[in-house]
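*Asks:* Each protein sequence line maps, in turn, to chains A and B. Numbering that gives the first Met the number 0 applies: residue 0 is where the first sequence begins, and numbers increase by one. Numbering that gives the first Met the number 0 applies: residue 0 is where the second sequence begins, and numbers increase by one.
Hints are computed from structural coordinates only; laboratory data are not their basis. Small disclaimer: the values here were computed from a predicted structure and weren't measured. C-beta: ideal position from N, C-alpha, C; glycine also. A portion of the hints provided could be inaccurate.
Said to hold, decoys possible - Facing chain B, a subset of chain A residues (Cβ under 10 Å, in silico):
| no. | residue |
| --- | --- |
| 1 | Ala47 |
| 2 | Gln49 |
| 3 | Lys141 |
| 4 | Arg142 |
| 5 | Gln193 |
| 6 | Asp237 |
| 7 | Ala241 |
| 8 | Met245 |
| 9 | Tyr355 |
| 10 | Ala357 |
| 11 | Ser359 |
| 12 | Gln362 |
What the hints assert, rightly or not - Distance condition first, Cα-Cα at most 20 Å in a straight line; then the derived SDA-like pairs of lysine to any residue:
| no. | chain 1 | residue 1 | chain 2 | residue 2 |
| --- | --- | --- | --- | --- |
| 13 | B | Lys218 | A | Lys477 |
| 14 | B | Lys141 | A | Ala138 |
| 15 | A | Lys218 | B | Asp344 |
| 16 | B | Lys205 | B | Arg229 |
| 17 | A | Lys205 | B | Tyr281 |
| 18 | B | Lys427 | B | Pro482 |
| 19 | B | Lys205 | A | Pro204 |
| 20 | A | Lys427 | A | Asp348 |
| 21 | B | Lys141 | A | Lys427 |
| 22 | B | Lys175 | B | Gln378 |
| 23 | B | Lys218 | A | Tyr156 |
| 24 | A | Lys205 | B | Asn23 |
| 25 | A | Lys141 | B | Arg142 |
2 protein chains.
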Amino acid sequence: MATITIDWQPDKAAAVPIYQQITNYFQHQIARGDWPMGAQLPSQRKLADQFGVNRSTLITALEELSAVGLITSNPGSGMVVSGNHWSSLLAEHVDWTKYVKAGQFKPNSHALQKINQFETDAVIRLSTGEPAPEQFPRALFKRAFAHLGQNLTSLNYTEPAGILALRQQIARHLQKVGIQTQPANILITSGSLQALQLVSVSLFPKNATIYTEAPTYVKSLHVFQSAHTRLAGVPMDDQGMAYWQMTPPTPDQHAIIYSIPTFNNPTGIVMSATRRQQLLQYAQEHRLPILEDAAYQDVWFDHQPPQPLKANDTSGNVIYFGSISKSLAPGLRIGWTVASQPVIDRLTDVRMQTDYGASSLSQLVLAEILADPDYETYQAHFRTVLAAKAARAQAILTHYWGDFATWQAPSGGFYLWVRLADWINIPKLFDLATAQNVLFNPGSIYDFQPNQYVRLSFSYESSERFERGIQILTRLIKANFHP
Amino acid sequence: MATITIDWQPDKAAAVPIYQQITNYFQHQIARGDWPMGAQLPSQRKLADQFGVNRSTLITALEELSAVGLITSNPGSGMVVSGNHWSSLLAEHVDWTKYVKAGQFKPNSHALQKINQFETDAVIRLSTGEPAPEQFPRALFKRAFAHLGQNLTSLNYTEPAGILALRQQIARHLQKVGIQTQPANILITSGSLQALQLVSVSLFPKNATIYTEAPTYVKSLHVFQSAHTRLAGVPMDDQGMAYWQMTPPTPDQHAIIYSIPTFNNPTGIVMSATRRQQLLQYAQEHRLPILEDAAYQDVWFDHQPPQPLKANDTSGNVIYFGSISKSLAPGLRIGWTVASQPVIDRLTDVRMQTDYGASSLSQLVLAEILADPDYETYQAHFRTVLAAKAARAQAILTHYWGDFATWQAPSGGFYLWVRLADWINIPKLFDLATAQNVLFNPGSIYDFQPNQYVRLSFSYESSERFERGIQILTRLIKANFHP
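Make a model of the complete structure from these sequences and hints.
*Replies:* Below is the structure:
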C-alpha cells in the first residue's frame, strides 16, 4: 500500500501543545478514512521534517497514537495505520481526554498517566492522597458488618438522593462544623469527584467560566474541562483565594467559583475566616455561585479550621461537597453534596440517569459507623497520628533537603507543597524517580503553568517509608542536577 | 413589574414536541435575562392563545418550568419569573433532561418522572425491575460480612479496573455461559447503566447511529440521547432483532448495534441461537460494533438461554455488559464490561475521571459471595421462585384480563409485556392507577412510538400483592373504558 503524503503543519502559536495537534491531526485523518488501514507512514525523520518539530515531540504523539491502537510499528516495515472501527471511534471521543482549548494551562497528561498506572504497584507512594491502611479502624467496621449481618433484609436500590439514615447522620455531622441543614438538602454521591462531575454536566452551560484557586485539585480540572468550561486560575496569598484579582464576569457571562478553602490541595493553605466572609460577599454581589470542596474539612491537626463557607451562606449561593474518603475510607466511595433544594433535585435527577445511585452497602455501613459513639474517638486518634506524621515528614525534609527546598508547615490535610531550587529539573526528576519506583506529584499538574513545586503526601506511607523515598529522591537529585 | 410581551410561536411542523419548544423558549428568555426576575407572565388563557396551543400542552410546559424553579405561581397575582442565577444555569444544562432532536421518537418524560417519584413509596409496584426483598439471601451476606469483619485491613481505592479477586470470580462465572475471558478484559462498573454511560461518552462520536431493538430498555435510550447519538429502532420477530430491516450505515457513518438478546426488556423475547450467529456475521460484514446488554442472562426459568453473542465473538466486535442487579442485589451497584483490551483501557481511563471506581466494599462482598459454594444453590432457588411467580402472574392475568389482554409467556426475566385492547387509553389508565398507588410502566416509554402495551413486573411484589394490583387496575379499566 502506498505511503501517505502529508501537507499539514502544526500551528506553533496555538495554545494546544504541538504533540497534541499532531495526535489530533492523525486521529482526524484516520477517522475520516483518508488514511486507510494498512497505509504506510513516512519515516520518523521525514515526519519530523514535514511538521517542523523535534523528534521527541513527534515520538510523544506517535506513542499516544500507538497506545490507542491507531498506528502500529512493524520492525522492518516502519509504521502503518492500524485503526479499526473501534479505535477510530475511540479516536473521536473528543470530550474526555483531549485537553481543551482553555488556553491558559496545559496539564501534564504524561505525568498523570504514569501516576495512575504506577499508583497501585509503586514501591513508595509519596503521591497517594489516601489515609494510611494502618489507620483503618477495623473494630468500627467489624461492628458495622456484624450489625448489618444481623439486620440486613434486602439490598435494593435506595431513595434517589441516598439512604435517609445516612443523610440524617451527615446532617448531624455537619452541625459540628456550623452547617445547619436537613436530609432534603443532601445528595449522596459516589465520592466527591462524582459530585463535581454531576454539577458540571447539570449546572454549567458550555463556555461557563470557572474561577479556581491556582494551584488546585487536578482531577476537578479534568472534570471541568470535560464539561467544556473555561478555567481561570486565581492566585492565592496566605489567607486563601485572592478573589479581587479575578476579572469579574460580564453580566451575560455564566461564571462560577470553585474553591478548596480548607487545606487547599495541593498547597495546604487555609482560607482565613475574614477572607471567607469577603469571598461570600463578593460572590453574592457578582451573583457568582460557589462550589466549596471540603474534602479535607475533618483532617486538621491541632485546632479546627474556620467554618466552611456553607455555614455562613445566607443566599443559597454555595454548593458544598463533603467526603469520607480522606477521614475514613476512600473505598466506600461516598461523598455528599449540600445545596438548595432545586439544585439537589436537579442533581438527583441527573444522577439517576447516570448510575442509579451509590452502593447501598457502602451507605448502610457508613451510616452505622457515623452513628457509632466510638467514631469521635477514632477521628481524634486519626488526627493525632496524622499530625505526628506531618511533623516527622518535615523533620525528614529539613534533614535531607534543607539546602534546596522550602515549604509552609501545614495545619491539616495530607500534603507538603515543596518548592525545589531552580536548578532541579522536576519533569526529569519525576521520570528518574518512577524508574526507581518512587512516586511523587509534580506541581505542574495542579497549576496553570510550569512551576518548581512537588506535592509530597505524608499520609499514606509510614514515616519510615517516607524517609526511604526521600533518600532515593535525594540521591537522584545529587547525581543528576547541580546548582 | 410590567407584564411580559410575547411575540413568538412554536413550530408545529418541528420534531421537538410543542410543550418542549415552549419550555425551551421560556428557559432561553429567562437565562438571557430578557425576562427579569419578578416579571409577570400573561394569563394561561392569553399564553395559550398567543402560542396557538391547547391548555393542557401549555400546562405541561408551565409545570416543567415551575419544577425547575424558573417560574412560580402566586395565588391572586398569577405566574411570575422566579429564576435566579442557579435556576437559569439549570435551564441551560441542555445535554441532560432535554429530549434531543433525534426526531424519531418522543419518550414519555411525564410518565418516567412519575415512576421515579412514586417508585419508593408506591403501595403496589408492578413497575419495579428488582428482585423481591424476600429473595434476598441473608445467609450468604451474613457469611460474607463475618468474613470481611475478620479479614478487612483497609478500604482504599482499588485497582482502576476493579478488585482483581472480583474480576477473577466474574471470569469464572462467565465461563459457565461460554465466554472465555480473563481479568484484563473485564472492567467493574457501578451497575451496567454506568457501563453504558461510559461507553457512550468514550466511544460514540456525536451523531453516531445506535441501532436498537424496538422496544428496548428505557434508561439506555436516555444515556444514548445524552451522548447526542441518533437512535434507530429495529423491529423484532419472535427470534429477536430483525437486523435485515436496518438501513445499513454508509461507509463514513459511525453506527453501533445495542441489543438485549436474552430476555429483552420489556418484551422478554430471547434471540435464537441461529439469529445470534446471523447478527454477529451481519455486524462483522458491516463493521458494526455490538453492545450486548446481558442484565437478565442469569434469570431464566427452566432452561438456560442460548450463549451470549460475546461467547461466539471472534472479532472483538462485541462489548458485553453483565450485572448482579437482577440476579442478586441491585443495591451493590456492581456490573461488569467485557471487551477487547484497548476498549477496556479507554473505559477505565474515563471511569477514573468520573467517579474513581465502584465501592470497594461492594466489590469485596460480591467477590466473597460469588466464591461461596452456596451461591449456585441460591441461584437455582431464586430461579425456581421466579418461575413460579411468573406462572402465578399469568394465571392472575388470564383470570382478570382474559377478555382484553394478550401476551407471550416469558421463559425468563422479570416482566410480562401485555397488549391491551385498543379501547383502553393507557396514558389515562396510568394516571388513574398512580392516583390509586398502583404503578406499572406504559409501553410507550420503551418504544419509538405510542403503543397499546404495558410492562408488568412479577418479580418485585409477592403474588398476592400482584393480584391486588391487577384487581385495582381491572376496576379502573371497567369503570373508565368501554369496548
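*Asks:* Now tell me, hint by hint, if it's right for this structure.
*Replies:* Results for each hint:
{"no.": "1", "hint": "Ala47", "result": "violated (26 Å)"}
{"no.": "2", "hint": "Gln49", "result": "violated (26 Å)"}
{"no.": "3", "hint": "Lys141", "result": "holds (4 Å)"}
{"no.": "4", "hint": "Arg142", "result": "holds (8 Å)"}
{"no.": "5", "hint": "Gln193", "result": "holds (4 Å)"}
{"no.": "6", "hint": "Asp237", "result": "violated (31 Å)"}
{"no.": "7", "hint": "Ala241", "result": "violated (23 Å)"}
{"no.": "8", "hint": "Met245", "result": "violated (16 Å)"}
{"no.": "9", "hint": "Tyr355", "result": "holds (5 Å)"}
{"no.": "10", "hint": "Ala357", "result": "holds (7 Å)"}
{"no.": "11", "hint": "Ser359", "result": "holds (3 Å)"}
{"no.": "12", "hint": "Gln362", "result": "holds (8 Å)"}
{"no.": "13", "hint": "B:Lys218 with A:Lys477", "result": "violated (58 Å)"}
{"no.": "14", "hint": "B:Lys141 with A:Ala138", "result": "holds (17 Å)"}
{"no.": "15", "hint": "A:Lys218 with B:Asp344", "result": "holds (18 Å)"}
{"no.": "16", "hint": "B:Lys205 with B:Arg229", "result": "holds (9 Å)"}
{"no.": "17", "hint": "A:Lys205 with B:Tyr281", "result": "violated (39 Å)"}
{"no.": "18", "hint": "B:Lys427 with B:Pro482", "result": "holds (15 Å)"}
{"no.": "19", "hint": "B:Lys205 with A:Pro204", "result": "holds (18 Å)"}
{"no.": "20", "hint": "A:Lys427 with A:Asp348", "result": "violated (46 Å)"}
{"no.": "21", "hint": "B:Lys141 with A:Lys427", "result": "violated (51 Å)"}
{"no.": "22", "hint": "B:Lys175 with B:Gln378", "result": "holds (13 Å)"}
{"no.": "23", "hint": "B:Lys218 with A:Tyr156", "result": "holds (15 Å)"}
{"no.": "24", "hint": "A:Lys205 with B:Asn23", "result": "holds (16 Å)"}
{"no.": "25", "hint": "A:Lys141 with B:Arg142", "result": "holds (13 Å)"}
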